[in-house]
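Listed below are the residues making up each chain.
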Amino acid sequence: MATEGDIRPETGDEHAPEETNDNPRGDDGLPKSFDVLIIGTGVTESILSAAISRNGHSVLHLDPREYYGGTWATFSLDQWTSKTFLETPTEASVCDLYLEDSKGALTWRNNVEQFEQLWYLKDEETKSQLMSQKRRFNIDLMPRLIAAREDIIQILITSNVSRYLEFLKISRLLTNLPPPNEDVIESIPLSRADIFTSKSLSLVEKRSLVKLIEAVLQPTSSVQDEAPLETSVPEEVETTSETFEDLVKKTKVPDKLKHMVKSSFTTLEDGFSPDGFNVEFCSRCRLFLNSIGRYGNQTPFLWTIYGISEVCQAFCRLSAVYGGIFILKRHLSRIEAKEDGFVVQTEKDEVKVKHIILGPDMQCDIIGKDRSKKEQASIVVGRAVLITKGGSIKRPDENSKPKGDGIFVYRLSGMEVIEMNHISQAVPKDYRLLQVTFPISDPETTQPCRSIVETLLSPFVQFRKHTEECMEDSVGTNSSSGAECCSEDSTTTTEETIKPQVIYGSYFKLTYSCDSLFSELYRNSRENSDNYIMTSDIGSAELTKYVLKAKSIFSTLYPDEEFLPKAPDCDEPDAMNGDDIDTSELSPAIENPVVNPEVVNEAVAQIPNDNENEGAAGEG
Amino acid sequence: MEDYRFLFKVVLVGNAGVGKTCLVRRFTQGLFPPGQGATIGVDFMIKTVDINGEKVKLQIWDTAGQERFRSITQSYYRSAHALILVYDVSSQPSFDCLPDWLREIEEYANAKVLRVLVGNKTDREDREIPTYVGEDFAQRNNMYFMETSAKEADNVEKLFMEIAHALIEQAKAREPVPEYKGNPGQSVTLNHRTPSTTSDSCCSRLL
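As given, the protein sequences belong to chains W and H, one line each in that order. Residue 1 is where the first sequence starts when you use the UniProt record's numbering, and the numbers rise one by one after that. Residue 1 is where the second sequence starts when you use the UniProt record's numbering, and the numbers rise one by one after that.
Incorrect hints may appear among the rest.
Said to hold, decoys possible - Result set (PhoX-like, lysine-lysine): computed pairs, CA atoms no more than 25 angstroms apart in a straight line:
(1) H/Lys47 / H/Lys172
(2) W/Lys199 / W/Lys103
(3) H/Lys112 / W/Lys429
(4) W/Lys103 / W/Lys256
(5) H/Lys172 / W/Lys566
(6) W/Lys352 / W/Lys329
(7) W/Lys199 / W/Lys134
(8) W/Lys134 / H/Lys172
Just so you know, the hints here were simulated from the structure itself, not pulled from any lab data.
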């Protein structure tokens with residue numbers, strides 16, 4: 001037991017790495033050298049920060065923005081409407097780069113374009129009512145559904161970062177039918193129980209769907225520990241490297257069902273690679289089907305409570321716990337390559353680092369190093385954020401018992417609409433938040449997002465003010481009482497005809513582009529070691545790719561090291577001696593999966609340990 | 001062992017060097033840490049205490065050094081039931097920063113969070129902040145107040161016990177408090193989610 005009075009160094013940082021003579025501190029207490037400098041707090045950078053710091057390497061992690069997450073950020077309503085994310089720091093938008101044989105520059109870039117927002121209901125009362133609850137909003141710049149068996153979930157579990165996070169289960173996936181029935185929305189059944197009880201499918205369709213799913217699942221049944229469908233061996237299907245079209249033909253899937261299956265397994269990226277869905281169908285279908293039920297959910301998807309930014313922050317937290325130093329709102333002004341690394345100047349400090357990792361918001365141009373088109377990637381995503389009143393897009397069936405999930409996912413005419421009510425923690429009570437995402441396959445298109453969204457979603461939500469609409473509407477008599485018809489308690493007679501009213505809408509384009517598909521921007525090779533400038537940019541919106549990128553950058557920098565080994569549990573009194581902890585001892589937070597039916601009703605999925613079906617395992 | 005009725009998340013904030021980690025360690029482990037990087041790999045600690053015969057588990061979170069450059073993640077404040085704002089009675093600057101911390105708390109923490117102001121290091125002979133000044137600040141900002149010495153173990157136990165007390169009172173006032181069903185894994189996230197059927201029940205822990 002220590003007896004000295006003030007045990008702190010001046011900086012008072014309890015978690016700082018042990019100070020050694022070769023790592024003195026600068027004026028504001030920042031050590032003068034680090035192993036890795038990371039710029040940007042998006043998901044790849046955050047995972048890397050945790051992985052590197054976790055293994056004992058020192059990390060300085062900066063973000064020129066004042067919030068965590070970059071394009072993975074989440075905002076309250078006031079932050080959203082004041083367009084916090086459009087700000088681009090001017091003073092530091094250019095950082096000079098002096099490399100051994102060339103020069104260059106780092107430029108800050110903003111990938112949100114053509115932002116447009118408007119209040120459809122202009123009355124001040126509604127507006128101020130919403131603003132008074134502004135912090136009850138959690139609006140993702142780019143919303144993310146995470147499949148329960150996606151890589152990120154595995155990493156969260158194995159690294160123990162899951163202890164910082166809570167998830168919601170998405171229990172319904174819906175789609176509109178193909179023309180001429182495009183106004184009809186049907187729920188897509190995915191689990192066996194759902195298929196049996198589904199009313200949206202005929203008996204023939206049900207049989208066909210089961211056949212299709214069995215066909216997909218057949219060859220890899222060994223990897224499923226809890227596939228939603230018990231594998232009753234199908235007779236005629238023996239292999240499944242087939243494309244979607246092949247399978248559809250083989251199992252004689254009717255058109256409506258084909259559309260529904262396509263809707264349920266499609267992703268944003270399919271909008272940019274026309275054949276992607278067809279080819280990847282089997283592997284994706286397997287991932288999704290294996291994801292169903294993992295946490296008692298009926299769809300493959302989980303949702304991060306408080307938004308996807310939490311995931312970034314959770315990894316950053318782990319990094320900090322292991323000594324990573326975080327500074328927001330700090331820019332770089334100059335980077336110079338030296339013999340054994342880089343000298344980096346920020347506004348306040350000069351630090352020496354061995355490697356630099358740049359997030360996707362930092363564009364790096366090195367003179368004389370033009371990238372070929374082949375190495376570049378770029379996609380443009382259309383986005384809309386709508387706040388609505390007056391219930392869900394899909395009226396609940398009389399018989400279906402209300403579920404506590406709070407999030408529905410719709411696939412409507414090529415758009416993904418994530419509809420959230422207050423249970424999702426994304427929006428206050430009585431309102432809904434619609435997160436709309438769609439591919440813009442022609443980046444030159446001049447049609448603004450707003451008109452695209454208003455056109456495609458008008459069968460499902462009311463953009464113009466209700467009372468105006470009611471005048472012309474054939475059902476006007478039912479809904480003549482304006483505000484009332486927006487109420488969730490509206491009588492069953494009007495339910496069929498009344499659409500949710502959009503109060504607020506914002507529209508923008510999100511560009512993901514990268515100049516180099518390679519992580520390595522610059523390498524300074526030495527006898528003993530290499531020093532790298534790496535970029536985590538991938539020009540894609542797919543979460544899995546960002547996770548893989550983190551792994552690949554890590555293995556370049558630290559080829560012999562384990563990526564994010566399990567962090568020891570530290571919440572028991574005897575688990576205090578850092579790495580001496582017996583890591584086999586599991587934290588209660590991780591060990592016990594959601595098995596309590598009441599909890600399932602609450603729709604909260606605390607990510608359990610991998611042996612989730614065991615449930616009640618005790619400690620140690 | 002894992003039989004307890006309440007679990008509360010308590011977070012500490014305040015300037016670097018005011019003794020946050022020492023408070024946690026003194027309370028959970030009964031020792032005053034030498035501070036030689038030993039806390040690497042630890043971000044929160046748990047101690048179960050007995051309050052009038054009820055087992056209460058306190059999960060106490062430390063800032064992991066992110067307070068140094070004012071870069072604490074928003075998620076750190078999420079679902080905290082109590083928040084301890086610490087300053088060093090021998091450091092005027094640490095006291096002067098309190099309004100900044102309050103602003104951050106207002107911004108990120110639950111409005112209903114129990115807020116406690118703590119002046120630490122009362123063992124120091126070079127005290128700069130008299131007790132009444134701290135007391136006054138706490139009163140004006142509607143916070144509980146206590147002075148402690150993590151080194152001498154003065155008031156540390158009392159601080160956390162009183163917080164536990166107050167939180168139980170608060171929880172009970174927010175009836176109904178269902179009997180905890182004894183699955184510690186869920187309680188980390190679900191302690192305020194009464195397993196009732198109303199979907200609103202979880203909102204109490206919101207921003």
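Hints versus structure:
1. H/Lys47 / H/Lys172: Holds. Lysine 47 of chain H to lysine 172 of chain H sits at ~21 angstroms (cutoff 25 angstroms).
2. W/Lys199 / W/Lys103: Violated. Lysine 199 of chain W to lysine 103 of chain W sits at ~65 angstroms, over the 25 angstroms cutoff.
3. H/Lys112 / W/Lys429: Cα-Cα ~18 angstroms, so holds.
4. W/Lys103 / W/Lys256: 58 angstroms, violated
5. H/Lys172 / W/Lys566: Answer violated: lysine 172 of chain H to lysine 566 of chain W is near 37 angstroms, above 25 angstroms.
6. W/Lys352 / W/Lys329: 20 angstroms, holds
7. W/Lys199 / W/Lys134: 39 angstroms, violated
8. W/Lys134 / H/Lys172: The given pair, whose Cα atoms are some 28 angstroms apart, is violated under the 25 angstroms limit.
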